[in-house]
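Participant: Since chain Z is already given, all that's left is putting chain Y on it; use the hints.
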Amino acid sequence: MSDLPKPDDLLNFSHRPPKTEWMDTPAEIKKGFACYAGNPKSLEAVGLPNPRTWSCFDEDWQLPENWQEIIYEGFKERLDKFRSFKVFMDICVRCGACSDKCHYFIGTGDPKNMPVLRAELLRSVYRNDFTKAGKLLGRIAGARPMTLDVLREWWAYFFQCTECRRCSLFCPYGIDTAEITMMGRELLNLLGLNIDWIATPVANCYRTGNHLGIQPHAFKDMIDFFVDDIEEITGVQVEPQFQKKGADILFITPSGDVFADPGTYTCMGYLMLFHFLKEKYGLDVTWSTYASEGGNFGFFTSHEMMKRLNAKMYLEAKRLGVKWILGGECGHMWRVINQYMDTMNGPADFLDVPVNPITGTRFENAASTKMVHITEFTADLIHHGKLDLDPSRNENKVLTFHDSCNPSRGMGLFEEPRYVIQNVANNFYDMPASTIREQTFCCGSGAGLNAGEDMELRMAGGLPRANAVKHVHDKHGVNMLATICAIDRAVLPDLMNYWVPDVEVTGVHELVANALIMPGEQERETDLRGEPLLGTEDADE
Amino acid sequence: MNLKYVYSFLAVLVLFLVAYVGVEGLGLDWLFGIIVPYLAVIVFVVFGTKRILGWGRSAVPFRIPTTAGQQKSLPWIQSSPIDNPSSKLGVWVRMALEVLTFRSLFRNSRIKLGSGPKISYHLEIFLWLGALAFHYAFLVAIIRHLRFFAEPVPFFVQLVQSVDSFFRFEIHYDPIQVGLPGVALSSIVLLLAVTFLLLRRLLDTKVRYISLAADYFPLFLILGIAFTGILMAYFTKVNVAAVKELATGLVTFQPTIPEGLGGVFYVHLFFVSVLLAYFPFSKLMHLGGIFMSPTRNLTTNTRAARHVNPWNYPVKIHTYEAYEDDFREKMVEAGLPVEKMPAATAAEEKE
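The listed protein sequences derive, respectively, from chains Z and Y. The first sequence: position 327 = 327 (the working numbering), numbered continuously. The second sequence: position 292 = 292 (the working numbering), numbered continuously.
No lab work stands behind these hints: they were computed from the structure. As the structure is a computational prediction, the values presented were derived from the model and not from experiment. There could be a bad hint or two in this list.
Distance condition first, Cα-Cα at most 25 Å in a straight line; then the derived DSS-like pairs of lysine-lysine [as the list claims (entries may be wrong)]: (1) Z:323 / Z:244; (2) Y:112 / Z:81; (3) Z:135 / Y:118; (4) Z:135 / Y:340; (5) Z:81 / Z:30; (6) Z:76 / Y:283; (7) Z:132 / Z:81; (8) Z:31 / Z:19; (9) Z:112 / Y:206; (10) Z:6 / Y:283; (11) Z:19 / Y:112; (12) Z:81 / Y:118; (13) Y:330 / Z:244; (14) Y:330 / Z:318; (15) Z:31 / Z:81; (16) Y:118 / Z:76; (17) Z:245 / Y:340.
Reference listing, derived: stretches of chain Y covered by chain Z, where coverage requires no fewer than 3 residues with Cβ under 8 Å from a Cβ of chain Z [said to hold, decoys possible]: (18) 105-114; (19) 197-206; (20) 260-268.
If the Cβ cut is set under 10 Å, some of the chain Z residues that face chain Y in the computed set are [what the hints assert, rightly or not]: (21) 207; (22) 259; (23) 291; (24) 308.
Backbone N, C-alpha and C fix where the C-beta goes; we use that ideal spot for every residue, glycine too.
Chain Z extracted, bound-state conformation (with noise of 0.2 Å):
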């Protein structure tokens, strides 16, 4: 975007709330923070309401005549349907230990960044329409009508969240404003108000099997090429396999890691890890091209539009007939496969167990959901000594390591990753305590907010995370954020360019096969990126 502010102009900003109260100052939506509209064409392949060409810089949205009362009905709905909405709305007291923890309020302090006024868009239309205090007493209960200035003000707020649930570790009753964010966003789905970058994913997926809509030939092209470019640099031709009926372990990583760089380097690790196991233990591990999309767009929808997608997954691993399946770096997917696949769209009772046939370790943390994370399985590998591994090769690479929100707050997933890096790298430094593991910073993109149109929004939520690795660039040189997310993979490049622009991005994947030494493979020169390894090539073998 041309038009984005100088990192300068974008801090020109204060935390002190504006004179004027909330409940009077109503939402600007502004370029370069808002989203485009949902391609109408988008909507209806996946059969969404109010399909049209509309944007939200327009004065008028299109909406159906009677939105008052599908919004009316779709929070009664909800209210009866998830406890967390209804104990949400209820029981806040607004002690305001969540106010500056929303990395939107850091980086804009716009009040309704706060995670309190967020919630309490919603909750003041709640007062109104569904308790006694706010029908007797209105605005000084914090009750108000559903008006169109209200829907705006949801579209702007509920599109510049990324349910990162940071402010849910701080609330003392746990209040988490992604559950109110995907409730909000549920409702504005009702009236047909999604933005682009999540709708027109979403319908991808639905046909295609991933969000970017790419088709079964080209998915199996795509990898064809970095067949040809693991050749080139290792010497070793991997041979990957889709759709293999009666494989081991079925395969499944964010399509995005196909598509764009960096997260091509991660891709072109998972090939040269299974073609590694497979070389040495005979492990079998198949592709698919039907379930070819780890994320899910939908969790940024509705939790029918998550089930429907997610549905994929195990419904390929039964026609192939696999033990279990592996999933790849990605944040989001991660929390729908932790908290909800299994309740969506289990049991998989079809499944076995998912053990690792190398070390003999059962996982018995995914037991029911038969899912492994691949840094827990990368991390079991490299414990029992399976992999043979060259950590000088990452020599060229000061690392830190960026904690996703999803795999963090969703999941807990802080030591398997580490541990890799550890054991494929030898300079790592975490980034201060209060910007990692369970208090981490979202990149600022997540949960369908990487856009183009924006990017300004995008930097500025980026803030905290840029500043965090910032510090431990200039402290211990830092050049490198790993991370396990795909979408932190497309929008952290952008982010550090941005604000801490000597720092590239990796995935831990990338670092485990610039490590691994394959059978039979070329003396390196370069790792995966084509850049020349440091020092000699002498591994302590």
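Facilitator: Chain Y alone, transformed into the frame defined by chain Z:
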């Protein structure tokens, strides 16, 4: 400007006048001593229960705990059994720590955006400290008051009272001889803590911005309760035996109005009654809600044990068959395996 706290303060002032004038001016002792307290308790119990049952009626479709520590995965990785509780016991401990020590609030920090830019995170312990002091002082005050309702006074009430009034406040000075034997520490702490929470709400610009009238009202009300309580106990010296007579009468359903309780006592009682009756309709229900928060009270072994959604319903999905039908030719051309060869499909279609 911000009139929310003014409204709330005026509301409490009006409540004060209602009770004071009602008793001192109109002699409505029976109304404020018997009818209102009974009504308040009924409203509290009935509507409080209704609210909790209402939450209970809503489904818990998914297990969505906030994981605040390492998951239990590989046996050689140290997991956090409390912050990421995979067992019921862990959840119990997590909940106990939340309820009894406000653990999540203890994590609180404050950001500072310095030049550079340089964001730093600072320990912010005062909200936690103030909240903890407030809630525990309130609890001790409630336990202390049980002595009015039971004869003999239960052992634990006596214990709490003797610990609470450990400090004595006496001035032995010729012109003034003031002795306040056994000043209840809890009442002083309560007064200070409520004052702190109120000042924080008024002076911290962010917190003031998010505050509603409903956030000031209970603070003023509780301030009023603490203030009238202290006034009675140490200055106007209410007749304790009479208070006990009234309280015992109320709980044994043989209500009587003893002589000489005075306006301040009835204001105190009225404030408490209003607080009770207001409770179920307000944010004060966080007392019950904290136990029902799905991000805290569920186990995190979500991949190990399946959670059942009571309203799970079948959805429209794009099957593999539909996918292959869509792309069969291209798949075959690319060498991808298919279930049905194109020729076979063509033949079937002709049939």
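Participant: Each hint should be assessed against the structure and marked as holding or not.
Facilitator: The hints, checked one at a time:
1. Simply put, residue 323 of chain Z and residue 244 of chain Z have alpha-carbon atoms about 12 Å apart, close enough for the 25 Å limit, and the pair holds.
2. A distance of roughly 40 Å separates the Cα atoms of residue 112 of chain Y and residue 81 of chain Z; the hinted pair therefore is violated under the 25 Å criterion.
3. The straight-line distance between the Cα atoms of residue 135 of chain Z and residue 118 of chain Y is roughly 46 Å, outside the 25 Å bound, and the hint therefore fails.
4. For the given pair, residue 135 of chain Z sits about 62 Å from residue 340 of chain Y by alpha-carbon distance, which is inconsistent with the 25 Å threshold.
5. For the hint linking residue 81 of chain Z to residue 30 of chain Z, the alpha-carbon distance of about 34 Å lies beyond 25 Å, and the restraint is violated.
6. Restraint check for residue 76 of chain Z and residue 283 of chain Y: satisfied, since their Cα atoms lie roughly 20 Å apart, inside the 25 Å limit.
7. Between the alpha carbons of residue 132 of chain Z and residue 81 of chain Z the distance comes to roughly 21 Å, so the proposed pair stays at or under 25 Å and holds.
8. Distance check on the hinted pair: residue 31 of chain Z and residue 19 of chain Z sit about 24 Å apart at the alpha-carbon level, within 25 Å; holds.
9. Proximity of residue 112 of chain Z to residue 206 of chain Y is assessed by CA-CA distance (about 11 Å); at most 25 Å being required, the pair is judged to hold.
10. Between residue 6 of chain Z and residue 283 of chain Y the CA atoms are separated by roughly 43 Å; this puts the pair beyond 25 Å, and the hint is violated.
11. With a C-alpha separation of about 22 Å, the suggested pairing of residue 19 of chain Z with residue 112 of chain Y holds against the 25 Å cut-off.
12. Note on residue 81 of chain Z and residue 118 of chain Y: the hinted pairing is violated, with a Cα-Cα distance of about 43 Å set against a maximum of 25 Å.
13. Taking the CA atoms of residue 330 of chain Y and residue 244 of chain Z, the gap is about 17 Å. The hint holds against a cut of 25 Å.
14. Between residue 330 of chain Y and residue 318 of chain Z the alpha-carbon distance is near 23 Å, which keeps this suggested pair within the 25 Å criterion.
15. Among the hinted pairs, residue 31 of chain Z with residue 81 of chain Z is inconsistent with the structure: their alpha-carbon atoms are about 35 Å apart, more than 25 Å.
16. Our distance criterion of 25 Å between C-alpha atoms is broken by residue 118 of chain Y and residue 76 of chain Z, whose separation comes to about 44 Å.
17. Our distance criterion of 25 Å between C-alpha atoms is met by residue 245 of chain Z and residue 340 of chain Y, whose separation comes to about 14 Å.
18. Coverage of the region 105-114 of chain Y by chain Z holds [criterion: at least 3 residues with CB-CB distance below 8 Å; count 7].
19. Taking a C-beta to C-beta cut-off of 8 Å, the region 197-206 of chain Y contributes 3 residues in contact with chain Z, enough for the three needed, and the coverage statement holds.
20. As drawn, the region 260-268 of chain Y meets chain Z at 0 residues by the rule of a beta-carbon pair under 8 Å; below three, the given contact is violated.
21. About 6 Å separates the beta-carbon of residue 207 of chain Z from the nearest beta-carbon of chain Y, less than 10 Å, and the hint is met.
22. Violation of the interface hint for residue 259 of chain Z is found here, the shortest Cβ-Cβ separation to chain Y being roughly 17 Å, above the 10 Å cut-off.
23. Using the Cβ-Cβ criterion of 10 Å, the hint placing residue 291 of chain Z at the interface with chain Y is satisfied: the shortest such distance is roughly 9 Å.
24. Taking 10 Å as the C-beta contact cut-off toward chain Y, the hint placing residue 308 of chain Z at the interface holds, the least distance being around 5 Å.
In the structure shown, a violation is registered for the earlier hints numbered 2, 3, 4, 5, 10, 12, 15, 16, 20, 22, in ascending order.
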